[in-house]
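Q: If you count by UniProt numbering, then the sequence shown holds residues 1 to 587, one letter each, in order.
One should not assume that every hint holds.
[What the hints assert, rightly or not] Label-pair ranges, simulated between beta-carbon atoms:
#1 Asp459 <-> Ser380: 47 to 55 Å
#2 Ser394 <-> Gly587: 37 to 45 Å
#3 Ala441 <-> Ser536: 27 to 35 Å
#4 Arg55 <-> Glu396: 16 to 24 Å
#5 Thr122 <-> Asn467: 30 to 38 Å
#6 Ser331 <-> Asp175: 20 to 28 Å
#7 Ser536 <-> Lys511: 26 to 34 Å
#8 Ser380 <-> Thr346: 22 to 30 Å
#9 Thr122 <-> Thr444: 30 to 38 Å
#10 Thr346 <-> Lys464: 40 to 48 Å
#11 Asp299 <-> Glu414: 51 to 59 Å
Honestly, the hints are just simulated from the structure, not real lab data. For each residue, glycine too, the CB sits at the ideal point set by N, CA and C.
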Amino acid sequence: MKFQANCGVEDFKTLIETQCTYVDKSIFLKDIFGEAIYSSRCSSDISVFLFLRPRRFGKTLTLSMIEHFCKLDYENVGNRDKARALFENLEIYKDKEFCNKHMAQYPVISISLKGVDKSEFTDSLNNLAEIISSLFDNIQQHEEFNSLPERLKYTVEYFNHIDKVDIFTEKGLFDLKKYINKSLKDLSQILYLLYKRKVIVLIDEYDTPLLRATEYGYYDRMAEVIGGMYSAALKGNGEYLEKAVLCGCMRVFKPSINSGLNNLCYFEIHDESFNTFIGFTKDEVRTLIQGTAIESYEDKILDYYAAYSFRGAQMLCPFSVLNAMDDAFFSSDVNNFKCKNFWANTSDNEIIDRFFTLNDAEGAEQLQQLVDGQSITIKSYKGITYDDIYPIDSFEDLMVLLMYTGYVTALAKEHDCYRVAIPNKEALYCFKQRADIYFNANNTSWYDKGLELKNALFDGDTVKAQNIIYSMFANYISPDGKNADGSFLLSVLSMFSTSNFLVLSGKETGKDYSDLSLLDMQLASCVIIQTRKVPSDVKDNEIEAISQQALAQIVENDYISGARDCGFSIIKYGIVFFGKACYIAKG
Numbered sequence: 001m002k003f004q005a006n007c008g009v010e011d012f013k014t015l016i017e018t019q020c021t022y023v024d025k026s027i028f029l030k031d032i033f034g035e036a037i038y039s040s041r042c043s044s045d046i047s048v049f050l051f052l053r054p055r056r057f058g059k060t061l062t063l064s065m066i067e068h069f070c071k072l073d074y075e076n077v078g079n080r081d082k083a084r085a086l087f088e089n090l091e092i093y094k095d096k097e098f099c100n101k102h103m104a105q106y107p108v109i110s111i112s113l114k115g116v117d118k119s120e121f122t123d124s125l126n127n128l129a130e131i132i133s134s135l136f137d138n139i140q141q142h143e144e145f146n147s148l149p150e151r152l153k154y155t156v157e158y159f160n161h162i163d164k165v166d167i168f169t170e171k172g173l174f175d176l177k178k179y180i181n182k183s184l185k186d187l188s189q190i191l192y193l194l195y196k197r198k199v200i201v202l203i204d205e206y207d208t209p210l211l212r213a214t215e216y217g218y219y220d221r222m223a224e225v226i227g228g229m230y231s232a233a234l235k236g237n238g239e240y241l242e243k244a245v246l247c248g249c250m251r252v253f254k255p256s257i258n259s260g261l262n263n264l265c266y267f268e269i270h271d272e273s274f275n276t277f278i279g280f281t282k283d284e285v286r287t288l289i290q291g292t293a294i295e296s297y298e299d300k301i302l303d304y305y306a307a308y309s310f311r312g313a314q315m316l317c318p319f320s321v322l323n324a325m326d327d328a329f330f331s332s333d334v335n336n337f338k339c340k341n342f343w344a345n346t347s348d349n350e351i352i353d354r355f356f357t358l359n360d361a362e363g364a365e366q367l368q369q370l371v372d373g374q375s376i377t378i379k380s381y382k383g384i385t386y387d388d389i390y391p392i393d394s395f396e397d398l399m400v401l402l403m404y405t406g407y408v409t410a411l412a413k414e415h416d417c418y419r420v421a422i423p424n425k426e427a428l429y430c431f432k433q434r435a436d437i438y439f440n441a442n443n444t445s446w447y448d449k450g451l452e453l454k455n456a457l458f459d460g461d462t463v464k465a466q467n468i469i470y471s472m473f474a475n476y477i478s479p480d481g482k483n484a485d486g487s488f489l490l491s492v493l494s495m496f497s498t499s500n501f502l503v504l505s506g507k508e509t510g511k512d513y514s515d516l517s518l519l520d521m522q523l524a525s526c527v528i529i530q531t532r533k534v535p536s537d538v539k540d541n542e543i544e545a546i547s548q549q550a551l552a553q554i555v556e557n558d559y560i561s562g563a564r565d566c567g568f569s570i571i572k573y574g575i576v577f578f579g580k581a582c583y584i585a586k587g
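Make a model of the complete structure from these sequences and hints.
A: Structure (structure tokens):
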């Protein structure tokens with residue numbers, strides 16, 4: 001197979017015409033139109049489809065494929081040559097009856113709400129108005145335009161002069177919201193009257209306006225506008241609407257507020273229907289790679305990017321796979337080839353940082369399990385909207401957000417819960433990257449707390465040291481996943497390592513290797529720490545005894561010999577970790 005990179009190409013027509021690599025998903029068009037008899041949930045009764053998938057999974061390209069299959073040739077209505085040229089080598093074209101019925105047969109309204117994401121409601125509303133106004137371009141040039149009802153002609157006129165609307169007046173704002181509410185419905189009626197055919201509506205990033213509105217505090221105002229527009233266009237518009245397909249990452253509509261949208265048929269990451277429609281299956285990736293010059297790279301690519309679990313289907317992110325394949329073609333040595341973090345680098349991944357401010361010790365232990373390659377169980381999140389979990393103030397809220405955005409995946413449903421895990425090494429990189437950045441001297445608040453801990457240890461203040469350790473360790477995640485307790489202390493205290501302040505870990509001292517030694521060369525002072533970890537349910541008297549054992553080990557193995565010989569003052573600590581708490585004994 002010939003491979004031609006298509007990284008970043010989101011227009012189906014461009015992709016096919018430039019002979020870029022395309023994984024054929026065209027057969028799913030039959031599901032959209034309810035003509036795939038093997039698909040239990042997909043019937044002709046479904047008019048509005050809403051697909052939720054993480055970013056960079058190919059949602060925009062999917063909508064573009066649907067558009068180019070369905071769209072009329074407006075200059076030559078009834079002619080299928082343009083569509084035929086794009087689809088004649090794809091699976092769907094084998095079904096001539098289906099193609100004759102649906103290919104190039106519909107006016108299409110295609111809109112992306114990607115840019116409706118501003119911090120101010122009026123700015124987002126302006127952006128939305130500009131996006132909608134572009135849909136009405138050239139309508140007035142149609143030879144039948146003057147035959148339209150006056151109210152529809154006025155809608156066209158309004159959006160053609162959108163730049164003259166002043167939304168900072170009460171009337172201007174009222175009128176704009178009114179016209180946006182009915183814009184897509186009016187346009188579908190206009191196209192129906194002009195072309196005598198029902199309309200296909202495609203909406204990309206349907207959720208962006210309300211995601212941002214939630215974060216910036218104007219959800220209700222934006223929901224009134226966006227919800228009204230969707231409701232008018234997608235429900236009670238059956239006279240003019242054939243099908244509608246929406247794509248996004250999360251649910252954003254509250255049933256109690258947006259009851260006019262209860263006809264949306266959601267296909268989410270935990271639904272079996274359409275679970276292989278968006279994204280690449282493992283077999284599709286193997287087919288892409290096999291027979292090419294990079295066939296020997298297959299295992300490495302699958303090992304790094306596999307796999308998200310969409311209700312039993314093992315799926316990979318197309319953006320990462322195609323970029324990795326492109327890289328592999330320029331690699332001369334499979335043994336030294338390293339997969340890069342393409343999906344991960346399309347975001348700053350700061351979403352993960354929200355966890356570090358939760359102060360949730362139990363959640364931190366669960367997140368550590370995920371980073372260590374284990375799975376955890378969370379409550380069912382089906383039907384939850386972004387507004388339900390924002391602001392993120394609990395571990396389970398964060399897990400829902402990470403699920404929809406692609407940082408964790410559901411392995412299985414267990415009663416009313418889901419067993420979840422980090423899907424692949426690329427997503428794992430995101431967690432490790434953010435932990436490295438957050439638990440770092442460049443984070444002022446983290447550094448200041450670490451300095452307090454250092455001073456408390458040298459002052460011999462065990463109570464203060466215990467409290468500081470708990471407050472810091474509660475949210476700490478060990479990036480390497482090994483000995484989180486030991487790596488925590490080493491990570492924190494190493495922030496102060498200089499030529500005058502030595503932080504020694506696992507160094508041979510006396511008769512053995514000590515856990516951790518801190519030497520302040522200027523003050524001629526030394527702190528020696530020996531740690532233990534016990535289950536969180538161990539009794540208090542046992543914890544105290546174990547801390548004394550740790551202290552005894554320091555003495556028995558003479559870990560203090562080097563500092564003693566240099567004339568340093570010495571404080572010894574036996575620190576026992578249980579869960580995210582600790583007990584400190586001083587000697």
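Q: All hints, please: hold or fail.
A: Evaluation of the provided hints:
1. Checked against the hint of 47 to 55 Å, the pair Asp459 and Ser380 passes, with Cβ atoms roughly 49 Å apart.
2. In this structure the hint that Ser394 and Gly587 lie 37 to 45 Å apart at CB holds, the actual value being about 40 Å.
3. Taken as a hint, the range 27 to 35 Å holds for the pair Ala441 and Ser536, whose Cβ atoms sit roughly 30 Å apart.
4. One distance hint, 16 to 24 Å for the beta-carbon pair Arg55 and Glu396, holds here, with the actual separation near 22 Å.
5. At about 47 Å, the beta-carbon gap between Thr122 and Asn467 misses the expected band of 30 to 38 Å.
6. Checked against the hint of 20 to 28 Å, the C-beta distance between Ser331 and Asp175 comes to roughly 58 Å, which is inconsistent with it.
7. A hinted range of 26 to 34 Å for the beta carbons of Ser536 and Lys511 is consistent with their spacing of about 32 Å.
8. Between Ser380 and Thr346 the beta carbons are some 29 Å apart, a value that agrees with the proposed interval 22 to 30 Å.
9. Thr122 and Thr444 have their C-beta atoms about 35 Å apart, which keeps the hinted 30 to 38 Å range intact.
10. Taking 40 to 48 Å as the suggested C-beta distance range, the pair Thr346 and Lys464 conforms, at roughly 43 Å.
11. In this structure the hint that Asp299 and Glu414 lie 51 to 59 Å apart at CB is violated, the actual value being about 31 Å.
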